Amino acid sequence: GAVVSQHPSRVICKSGTSVKIECRSLDFQATTMFWYRQFPKQSLMLMATSNEGSKATYEQGVEKDKFLINHASLTLSTLTVTSAHPEDSSFYICSAGQGFRETQYFGPGTRLLVL
Amino acid sequence: AQKVTQAQTEISVVEKEDVTLDCVYETRDTTYYLFWYKQPPSGELVFLIRRNSFDEQNEISGRYSWNFQKSTSSFNFTITASQVVDSAVYFCALRNTGNQFYFGTGTSLTVIP
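Protein sequence lines correspond, in order, to chains Y and L. Residue numbering for the first sequence follows the working numbering, beginning at 1 and increasing consecutively. Residue numbering for the second sequence follows the working numbering, beginning at 1 and increasing consecutively.
Chain L extracted, bound-state conformation (with noise of 0.2 Å):
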């Protein structure tokens, strides 16, 4: 079975500050993506990574930044200098084989001004 964990239910931070979002998965599968989407109150989810089980490499992507280990199970996500307009709520993910998803319980962020 699989199952994604998201410690952190509500966050808040003051603008330009760093902010780090915990994710920790389970899993018997040793072929798996996991992925970070970010959703705003228009219901839509936005896709910003996809990783899989075999990739540790972390990754950059402009003010975003994941870290996974697989040692710990865990695929953090970071953003730096956050910003208003990060304020949403973001949901950690495991898709199988099967291509079925199983998402974390989600974190609302809230950046302050």
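Isolated chain Y (complex conformation) (with noise of 0.2 Å):
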């Protein structure tokens, strides 16, 4: 069945670089792809709507020049924290599909630790 892979799984980077995490859809086509964020022991939240060849839509406090989007593919899209902190450490999960009736598949994941 469809696929979605995230990459990388595991990122540990020092406070202030910036980290760039893909999510490719791998057997179909996806002119829409989201974002997801999920602290632990908590829920999954909609950080944002990546949509091919336009701009990403991002839930309300969520910061667009933090958590830059591309969607530069039907079957990529990127999603670069920059300049982390601590506080961005997360788990952080894409999702992608074809329309309403079709089923959204979700990526394995990116546990991102900033220290």
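Any given hint could turn out to be false.
Restraint-style ranges between C-beta atoms, simulated for each label pair [stated by the list, open to error]:
| # | chain 1 | residue 1 | chain 2 | residue 2 | range |
| --- | --- | --- | --- | --- | --- |
| 1 | L | Asn-58 | Y | Gln-42 | 27 to 37 Å |
| 2 | L | Ser-12 | Y | Ser-54 | 45 to 55 Å |
| 3 | Y | Gly-53 | L | Asp-18 | 45 to 55 Å |
| 4 | Y | Gly-53 | L | Val-84 | 44 to 54 Å |
| 5 | Y | Ala-72 | L | Gly-43 | 24 to 34 Å |
| 6 | L | Gln-2 | Y | Pro-86 | 26 to 36 Å |
None of these hints come from the bench; they were simulated from the model. Keep in mind the model is a prediction, meaning the values are calculated, not measured. Positions of the beta carbon are idealized from the N, C-alpha and C atoms, including for glycine.
Please assemble the complex out of the two chains, which come individually in their own frames, going by the hints.
Below, the structure written as structure tokens:
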């Protein structure tokens, strides 16, 4: 079946650096992808909707200048955490699918630890 | 706006007991999907079931069953004869026509051998 991958699966970085996380749909094209964040022992919260060829739509309270999203192709969306701080440490998950009646697939997630 | 509530934060049961995880949702949409996911310690979401808003038929899959009641906006999940491998965090979620997911806060289930 359809699969969504994320890379890297785990990343540790120093405070102040930027980190890029990739989300790929492996065997289907996705005009829209979604990014979620999950803090330890909490729920997944939608951060933004990534639209191929246009600007991402961010949820209220999510800083668009800090979390840069680029959906450059129909199979790839990237989330860049700029000038990361320890409070950005979290589990980031993407999802992708085709159309409302189709299945949305979640990636395996990326654990970010900012020291 | 959409909202999903899972009132049970943590549940512990002894192996072979039945357990029901509650889920209540709020939405003004008439068309939506409801889901249950299992999240083991690895973090990866494991899909369990999807239900669309027009299908209130209850479903059984092995030891798992789901009770969807639109009148009470509930979508409860029952595990019969629980096993240690069922220990995980379970999330109920609603997906709108924009394909955005709204998750509940999760229920952490511990099955004691």
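Cross-check of the supplied hints:
no. : hint                              : verdict
1   : Asn-58/L <-> Gln-42/Y: 27 to 37 Å : holds (30 Å)
2   : Ser-12/L <-> Ser-54/Y: 45 to 55 Å : holds (47 Å)
3   : Gly-53/Y <-> Asp-18/L: 45 to 55 Å : holds (50 Å)
4   : Gly-53/Y <-> Val-84/L: 44 to 54 Å : holds (48 Å)
5   : Ala-72/Y <-> Gly-43/L: 24 to 34 Å : holds (26 Å)
6   : Gln-2/L <-> Pro-86/Y: 26 to 36 Å  : holds (31 Å)
Checked against the numbered hints above, the structure breaks none of them.
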